[in-house]
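There are 2 protein chains.
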Amino acid sequence: MDRPFYEPKALREFIQRVFEKFGVHPEDALLAADVLAYSDEHGIDSHGIARLETYYDLMRDGRINPRPELKVIRQKGSVATVDGDNGLGLVIGPKCMELAMEKAATHGSGWISVCNTNHYGAAGYYPAMALPKDLIGMSMTNTTKGVVPFNGIEKKLGTNPIAIAFPTDAEPPIMIDMASSTVAYGKVEIAHRESNEVPLGWCIDKEGNPTTSPERMMQGGALLPLGSDKDGSGHKGYCLATMVDVLSAVLSGANWGPFAIPFAINVRVGENEQVGKGIGHFFGAWDIEGFRDIQSFKSSMDAWIREMRSTASLPGTLPVLIPGDPERMAFEERMKSGIPLNQKVIDSLERLSLETSIPLPKPL
Amino acid sequence: MDRPFYEPKALREFIQRVFEKFGVHPEDALLAADVLAYSDEHGIDSHGIARLETYYDLMRDGRINPRPELKVIRQKGSVATVDGDNGLGLVIGPKCMELAMEKAATHGSGWISVCNTNHYGAAGYYPAMALPKDLIGMSMTNTTKGVVPFNGIEKKLGTNPIAIAFPTDAEPPIMIDMASSTVAYGKVEIAHRESNEVPLGWCIDKEGNPTTSPERMMQGGALLPLGSDKDGSGHKGYCLATMVDVLSAVLSGANWGPFAIPFAINVRVGENEQVGKGIGHFFGAWDIEGFRDIQSFKSSMDAWIREMRSTASLPGTLPVLIPGDPERMAFEERMKSGIPLNQKVIDSLERLSLETSIPLPKPL
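Chains as they are written, first to last, in this note's numbering: chain A, -11 to 352; chain B, -11 to 352.
By construction, these hints were calculated from the structure, which means they are not laboratory data. It is possible that part of the hints are untrue.
It does not matter which identical chain is meant; a pair holds if it fits inside one copy or across any two.
No farther apart than 25 Å at their CA atoms in a straight line, the calculated lysine-lysine pairs in the DSS-like style are these [unchecked claim]:
#, residue 1, residue 2
1, LYS121, LYS64
2, LYS350, LYS133
3, LYS83, LYS64
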């Protein structure tokens, strides 16, 4: 299916203006647009402008605070907890990552657990902020439930991603951004849209049976943790999701596990389903210079990358890549050709355009 | 196969005396014995006294320094790099974890990257040290190569484990200790010993073909990263192994990736195969009180655990467990019945007993 292409800058401006419409401060709207645009520009189609409609609906319904006042509610040296005042995760996220990086500059590392926040876009955006400062950056977030604990048949955890980035010298940086489930929900959605089956190991149906049918997963089924089943060590994906949930939500006093607030306008948050405030994020930064001379570190990183790239690869597969390569390739392509949007996303943006009188950019 | 049982305390004393024989300081030998005994007592048979023979042979050959002088070679606030002076990882590990915890007490968190060290036993031992202090503890280590990068057919990374533990109140603590490969090498070895096949997804043969034959894996094949293949998101296990390798070895100046020194007496370390010193570990601790009141945190952890345990489980599987449950169950059992050792391990200990004149305890 041919998808029209849009100029990246024009989409950024559209996003920014939509957020401003709700009274989001222009600087914050710029930040939020940057986070969403990062996804579109790096090929992470599930987390970019495709989600603008949901943020829009939540703001229109007063479920997200357009002018949050972030507050450090507790801290000690390198660590702190921030209350996000129910603002956009897209605004709270970059500000808390900045705080983690400031702490790293002073204390060698910085760690911010955040409560009372909302979905923050692609996890990889935040560690990428640390790269120009020669820091190792990290981010995690808990998300709306969609994944079973290992051996369970009820959704109790989110796809809880982990992202970390390492600076390099001549080679491109290593950038890891991965859900702790076998796949993110978006992949099942895409298969459903295209009437494809999915591999066994991605999901179960509502009775807990392994299924290849996206439809059966979507009708009360669930995603499986990374590793999928006993043979694949699915308990390890469950362990990773646990780690993310505790660091992001239990540590900050946010809603953990199945109580993470839904990222969907049609689901109301029941008063007695709240065990904390909002969802939770976790940001970190390490100052490399505190461990090792930065140039030695970067030279070793370059050598590491070249060593991995030199690995003989399976016939019929891609050459061995470095974490971050696929997003980097998408970025280069999209900066040249523009951002392809599918019709469903365009329809959603046209509705927003109509309701806000902000003109949607024309395709290239 | 019936295995004789041994008294845990007697095995500890045997281990300690063997290390002392090489001039390891009695306090250090006690520490090393505690680390190995932790594995045996928690059912992690691959990482306990079964490995004493290898440590012994390496020390006998002068490949490990019995009296290392640990040195902080760089630090800044919450972070530091330690040179382990080529000592036993079993001694360097606990000391560096102590240092991470001291830093957490002062700076809110503590991070120690370690070079010039050797294999450190079970990764889970170290975060367990943090629990009585109400800290979140973490440890990682790179290990001898055995795992392919995703899509690769050459071993370039170790099974690089990640361990993290979270304190609780009335419930038992959450303790995560997982290799970043689908399975640890020990599982393939066990299948081989028992002439069983292994599930597809654990390993490949030397041509890179998926195999269910432990033998074909052991003859030049390799383990696969967690997630196994494209359908299972094997690139995610590769990402985790990358993270562990960089934090443990590139950051500290140890041997990274395929250069991690072999944990085998019959493999000499070639001079020009060294890109750093020894292997690398990474230890961390966060002071929970820096983020949240400790009692609130612990109460939430208890609620989290009860919520997960209440999950309906797949028919025919175990109930939903909490990370750490299997090791805890093994511990309770073994503290009652003793430590079962298989004949191959007993044979190895008898050799050590003969060579050192230290009597091996009799089975119960």
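Structure-based check of each hint:
no.: 1; hint: LYS121 with LYS64; in the structure: both (23 Å within a copy, 16 Å between copies)
no.: 2; hint: LYS350 with LYS133; in the structure: neither (36 Å within a copy, 52 Å between copies)
no.: 3; hint: LYS83 with LYS64; in the structure: both (18 Å within a copy, 24 Å between copies)
Violated hint for the displayed structure: number 2, the only one.
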